[in-house]
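A.B. asks: Chain by chain, the residues:
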Amino acid sequence: EAQVTQNPRYLITVTGKKLTVTCSQNMNHEYMSWYRQDPGLGLRQIYYSMNVEVTDKGDVPEGYKVSRKEKRNFPLILESPSPNQTSLYFCASRLDRARMNTEAFFGQGTRLTVV
Amino acid sequence: GEDVEQSLFLSVREGDSSVINCTYTDSSSTYLYWYKQEPGAGLQLLTYIFSNMDMKQDQRLTVLLNKKDKHLSLRIADTQTGDSAIYFCAESPGSSNTGKLIFGQGTTLQVKP
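Top to bottom, those sequences are chains W and R. Residues 1 to 115 in my numbering are what the first sequence spells out, letter by letter. Residues 1001 to 1113 in my numbering are what the second sequence spells out, letter by letter.
Rather than coming from a laboratory, the hints here were simulated on the basis of the structure. Beta carbons are placed, not taken as given, at the ideal position from N, Cα and C, and that holds for glycine. Wrong hints could be hidden among the right ones.
[As the list claims (entries may be wrong)] Covered stretches of chain R, as calculated for chain W (at least 3 residues, CB under 8 Å): (1) 1009-1018; (2) 1051-1057; (3) 1074-1082.
[Said to hold, decoys possible] Ranges of calculated distance between the beta carbons of each label pair, as one might list FRET restraints: (4) Pro-83/W / Met-1055/R: 39 to 47 Å; (5) Pro-61/W / Phe-1050/R: 25 to 33 Å; (6) Asn-26/W / Gly-1040/R: 33 to 41 Å; (7) Glu-103/W / Asp-1003/R: 18 to 26 Å; (8) Lys-57/W / Gly-1040/R: 25 to 33 Å; (9) Ala-1041/R / Ile-77/W: 19 to 27 Å; (10) Ile-77/W / Lys-1056/R: 33 to 41 Å; (11) Met-27/W / Met-1055/R: 40 to 48 Å.
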């Protein structure tokens, strides 16, 4: 089954404690991205990756890092989480950046709370 | 700039039609999308429309695009309780080469039996 898998689904952590949210896709997609969803704001792109070892900032990259060492994985790293990063996070993948008429598949989301 | 606006809430009775509206600002948008988010789940693509089309129909779903007014709508015929969810309008801005989607705030559709 074609899917994007995120882990964990829920996470409560303390300010400053480094964490990683994993994302894996099994569709051999080149393009992957991370979004955060906040009430009243919809989804905003944090980082994206066009292919292995090619990553770039989205609209709200501050406080986040990513890596793309393998095609299937695109982890989101919070080096020093702060309460304003409390949000619902989605990983998404698509065949490639240019073909916008192909479906973007979303993971089930990771609800992060930073206290 | 890039902005997508939706009303936040819509309530209908089962069997009625639902119409969810969306406005966007980027006139160079190439594709416009409707996504559905059920509680505790990710986003599921419902349908999309290319910017040179006015209408697209897919079973119970009808998408209308008014490019002049930058207005997109999603009509769900014979709305069922299983259609209760949050619906997101999104665009692929032609002004961006990042491949990102710009999402609206989401419209919560409540279907009453």
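A.B. asks: Compare the structure with each hint and give your call.
C.D. replies: Structure-based check of each hint:
With a cut-off of 8 Å between beta carbons, the stretch 1009-1018 of chain R has 0 residues touching chain W; three or more are needed, and the interface restraint is violated. Given a C-beta distance limit of less than 8 Å, the hint that chain W covers the stretch 1051-1057 of chain R is violated, as 0 residues qualify and 3 are needed. Closer than 8 Å: that is the beta-carbon criterion, and the stretch 1074-1082 of chain R has 0 residues meeting it against chain W, so the requirement of 3 is violated. Between Pro-83/W and Met-1055/R the beta carbons are some 45 Å apart, a value that agrees with the proposed interval 39 to 47 Å.
Roughly 30 Å separates the CB atoms of Pro-61/W and Phe-1050/R, a value that falls within the hinted 25 to 33 Å. Distance hint check for Asn-26/W and Gly-1040/R: the Cβ-Cβ separation is about 21 Å, which falls outside the suggested range of 33 to 41 Å. Distance hint check for Glu-103/W and Asp-1003/R: the Cβ-Cβ separation is about 24 Å, which falls inside the suggested range of 18 to 26 Å. The beta-carbon spacing between Lys-57/W and Gly-1040/R, approximately 29 Å, falls within the hinted interval of 25 to 33 Å.
A hinted range of 19 to 27 Å for the beta carbons of Ala-1041/R and Ile-77/W is consistent with their spacing of about 25 Å. A beta carbon spacing of about 39 Å between Ile-77/W and Lys-1056/R agrees with the range 33 to 41 Å that was offered as a hint. A C-beta distance of roughly 30 Å is found between Met-27/W and Met-1055/R, which places it outside the suggested range of 40 to 48 Å.
Going through the hint list in order, the structure does not satisfy hints 1, 2, 3, 6, 11.
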